[in-house]
Amino acid sequence: DAGVIQSPRHEVTEMGQEVTLRCKPISGHDYLFWYRQTMMRGLELLIYFNNNVPIDDSGMPEDRFSAKMPNASFSTLKIQPSEPRDSAVYFCASTSTGAGANVLTFGAGSRLTVL
Amino acid sequence: SQELEQSPQSLIVQEGKNLTINCTSSKTLYGLYWYKQKYGEGLIFLMMLQKGGEEKSHEKITAKLDEKKQQSSLHITASQPSHAGIYLCGPNPGYALNFGKGTSLLVTP
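Residue numbers (the working numbering), protein chains in the order written: chain A, 1 to 115; chain B, 1 to 109.
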C-alpha cells in the first residue's frame with residue numbers, strides 16, 4: 001500500500017482565495033482524521049469521519065472550514081475564504097478499528113501558506 | 001484546550017546519553033500513543049500503551065504509562081543521531097483529543 005496520500009504537498013495562496021486539500025486514506029481503513037499543526041498550538045484535531053460520515057467536527061475553527069468524504073477513498077478539506085492565520089501544515093490520517101489498535105497512519109502533510 | 005502536556009519542549013543531548021520525555025493528561029487516558037516526526041514529514045507510530053502500569057520497549061526506546069493512566073514517559077537509552085526528531089504523545093483517536101505539542105530532540109556528536 002502506498003500509505004495515506006495527500007495533495008498538494010505545498011500551497012501558497014493569497015488571502016481570500018479558496019483552498020482545497022485532498023486526502024486518500026489507506027484502503028480498508030474506516031476512520032479518517034484531519035489535523036492542523038502549528039508551532040503555537042501543536043497538532044490539533046479538526047474533524048474525523050467513520051465510514052465516510054463526519055463524527056466530530058468540534059475542532060473545525062469556523063465556518064470558513066469544511067470537510068467532506070464522498071467515498072471511502074477520498075476526502076477534502078476546504079478553506080473559503082483563506083486567511084493568513086490559516087497558514088499551517090494540514091495532516092490527514094487513517095486507521096482501522098478492525099485491527100483493534102487504532103494506530104494512525106499519517107500522510108506527509110500539506111503545507112499551506114496564506115499571504 | 002490542550003489536554004496533553006509534554007515536557008520538555010526541546011532537548012539537546014550528546015550522543016550516547018539517556019533522556020526522558022514526559023506526557024501528562026488532565027483526564028484518564030484510554031490509550032496513549034507515542035509518535036515520532038521528522039521535519040517536513042508525517043508522524044510515524046512508535047508505541048501504544050493501554051493498561052495502567054504498562055511498559056513497552058522497542059530497541060532503545062521504552063515507554064511507560066502510570067497506574068492512574070494520566071502520565072506517560074518515553075525513555076531513550078544511549079541516544080543516537082537517528083533518534084533526532086519531534087516526539088509527540090497522542091490519545092486514542094476515537095476520543096477526539098489533541099496531541100501534545102511535541103518535544104524536539106537534537107542529538108549532538
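Treat the hints as calculated values from the structure; they're not laboratory data.
Values in this document were obtained by computation on a predicted structure and should not be read as measured data.
Treat the hints with care, since some could be wrong.
Facing chain B, from chain A, some residues (calculated, C-beta under 7 Å) [what the hints assert, rightly or not]:
1) L46
2) A67
3) P70
Not everything, but these chain A residues come out facing chain B in the computed CB check (under 7 Å) [as the list claims (entries may be wrong)]:
4) M60
5) P61
6) A72
7) V103
8) T113
Straight-line C-alpha distance at most 30 Å; calculated DSS-like pairs for lysine-lysine [to be verified]:
9) K78/A <-> K36/B
10) K38/B <-> K56/B
11) K38/B <-> K78/A
12) K56/B <-> K68/A
13) K60/B <-> K36/B
14) K64/B <-> K17/B
15) K69/B <-> K38/B
16) K68/A <-> K78/A
17) K36/B <-> K68/A
18) K24/A <-> K38/B
19) K36/B <-> K24/A
For each residue, glycine too, the CB sits at the ideal point set by N, CA and C.
Status of the hints after comparison with the structure:
{"no.": "1", "hint": "L46", "verdict": "10 Å, violated"}
{"no.": "2", "hint": "A67", "verdict": "14 Å, violated"}
{"no.": "3", "hint": "P70", "verdict": "22 Å, violated"}
{"no.": "4", "hint": "M60", "verdict": "12 Å, violated"}
{"no.": "5", "hint": "P61", "verdict": "13 Å, violated"}
{"no.": "6", "hint": "A72", "verdict": "17 Å, violated"}
{"no.": "7", "hint": "V103", "verdict": "5 Å, holds"}
{"no.": "8", "hint": "T113", "verdict": "14 Å, violated"}
{"no.": "9", "hint": "K78/A <-> K36/B", "verdict": "27 Å, holds"}
{"no.": "10", "hint": "K38/B <-> K56/B", "verdict": "22 Å, holds"}
{"no.": "11", "hint": "K38/B <-> K78/A", "verdict": "26 Å, holds"}
{"no.": "12", "hint": "K56/B <-> K68/A", "verdict": "37 Å, violated"}
{"no.": "13", "hint": "K60/B <-> K36/B", "verdict": "14 Å, holds"}
{"no.": "14", "hint": "K64/B <-> K17/B", "verdict": "19 Å, holds"}
{"no.": "15", "hint": "K69/B <-> K38/B", "verdict": "27 Å, holds"}
{"no.": "16", "hint": "K68/A <-> K78/A", "verdict": "8 Å, holds"}
{"no.": "17", "hint": "K36/B <-> K68/A", "verdict": "28 Å, holds"}
{"no.": "18", "hint": "K24/A <-> K38/B", "verdict": "21 Å, holds"}
{"no.": "19", "hint": "K36/B <-> K24/A", "verdict": "22 Å, holds"}
Checked against the numbered hints given earlier, the structure breaks hints 1, 2, 3, 4, 5, 6, 8 and 12 and satisfies all the rest.
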